[in-house]
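A.B. asks: Starting from the known structure of chain A, arrange chain B on it as the hints suggest.
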Amino acid sequence: MPVNVSMNVNGRAISEEVEDRTLLVELLRETLRLTGTHVGCDTSQCGACVVHVDGRSVKACTMLATQAHGADVVTIEGLAEGGKLHPMQEAFRDNHGLQCGFCTPGMVMSALDLVARNPDPTGPEVREWLEGNLCRCTGYHNIVKSILAGASTMRGGS
Amino acid sequence: MYEFNYHRPGTLEAAAAALAAAEDGQVLAGGQTLIPTLKQRLASPSDVVDLGSIAGLDGVRREGESIVVGAMTRHADVASSPEVQAAIPALASLAEGIGDPQVRNCGTIGGSIANADPAADYPAAVVGLGASIRTDRRTIAGDDFFTGLFETALEEGEIIVSVSFPIPRRAAYAKFPNPASRYAIVGVMAAETSGGVRVAVTGAGDRVFRVGAMEAALAGSFSADALAGASVSADGLNEDIHAGADYRAHLVGVMARRAVAAAAG
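In the order they appear, the protein sequences are chains A and B.
Going by my numbering, 82 is the number at position 57 of the first sequence; the sequence numbering is gapless.
Going by my numbering, 175 is the number at position 161 of the second sequence; the sequence numbering is gapless.
It is worth saying that the hints were derived from the structure and are not from the lab.
Any given hint could be a false lead.
Derived DEER-like restraints, expressed as beta-carbon distance ranges [stated by the list, open to error]: (1) Gly95(A) / Glu253(B): 44 to 50 Å; (2) Ser245(B) / Ala105(A): 39 to 45 Å; (3) Gly162(B) / Glu150(A): 36 to 42 Å; (4) Ser31(A) / Glu79(B): 42 to 48 Å; (5) Glu79(B) / Asp79(A): 50 to 56 Å; (6) Gly243(B) / Arg152(A): 36 to 42 Å.
Predicted model only: the values in this text are computed from it and were never measured.
Heads up, the beta-carbon is just placed ideally off N, CA and C, and yes, glycines get one too.
Same shape as in the complex, but just chain A:
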């Protein structure tokens, strides 16, 4: 039975007919063509699908699209402004925080939730926070470095 879902995605109001069982990540990728949000494991573990729903990072593969009805959703595509990367994205580039890049959208979205709660995290706090984000390339070291650098820029530091 099709149901209507309406929400704000990256500041734009959308309204779509979906199946009851459509996942949020399916709505984002397949209907809205926002393919920056990735599906890695599809079992709630890897975090490649992390987006923000009403300001909280969630795994979009583990939420029904209908559960986000009326919500503000932000995906990786919603971060850059006017062609200028968000400081956290810039920090991943500057610090070689990615290799294949598959996990990166989820890493960035997860990192921004951390920084919203804790603007000046320590390295161990970043590592602890990344419990739900898996990277199979980097060994995490440069991801942690990127997040610390991104947080510093966002605080207005150097």
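C.D. replies: Coordinates of chain B only, in the frame set by chain A:
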């Protein structure tokens, strides 16, 4: 995922009616267990009733000498609640140790205890702190709530509204987590309450259970030393690729001593 009919009721009464009218209705809370279960086609409810739009089911408040946690309160909100941190820090730290940040941003206390996973953390808090569970029909004592593997005292269509935790004199939760899932291989809540000492173990058996011998030992002296000789039998404990029954029995002693030391310290 098999097809189902999705419902988004605005009141508890409407949710109960939707469940009653369904051939095989299923409540959706935070969905962190249910949605993976549906995706794996391990369940095929005819109807899914989402409690997410019902006002008043989430939030934490202090009522006298208890902390009342709404059924739809997410783990992250229990962990960061100033009321919980001040009154029952053991409960805040337990919530902070569930899954990962994204799971904690969605998963709810009501969903966790209704699911009654034998390795979930919240059952140790419900039984270890002597909580009670309020539903849309009645109040159920925490000690009577968990009846078996993924089984609870909830009746067909009964909906959890809140969980009330009496504030203990002191308490702590110690967990040996599965490093991948963060579920408890063994977790122990040890508490000194106005009604006596409680020691509740999750992860080790088919459901959370209390350890009377440890509670008796701690009643004399609430210290890790009082548990020096205490242990539990491995008979009937869980065995899987992560830990055998003997190892789980051993971990119950270790986690109990750590919990008591943390609470007493």
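A.B. asks: Now tell me, hint by hint, if it's right for this structure.
C.D. replies: Here is what the structure says about each hint:
{"no.": "1", "hint": "Gly95(A) / Glu253(B): 44 to 50 Å", "verdict": "holds (46 Å)"}
{"no.": "2", "hint": "Ser245(B) / Ala105(A): 39 to 45 Å", "verdict": "violated (58 Å)"}
{"no.": "3", "hint": "Gly162(B) / Glu150(A): 36 to 42 Å", "verdict": "holds (39 Å)"}
{"no.": "4", "hint": "Ser31(A) / Glu79(B): 42 to 48 Å", "verdict": "holds (44 Å)"}
{"no.": "5", "hint": "Glu79(B) / Asp79(A): 50 to 56 Å", "verdict": "violated (33 Å)"}
{"no.": "6", "hint": "Gly243(B) / Arg152(A): 36 to 42 Å", "verdict": "holds (38 Å)"}
Figure legend: structure checked against the earlier numbered hints; hints not met, in rising order: 2 and 5.
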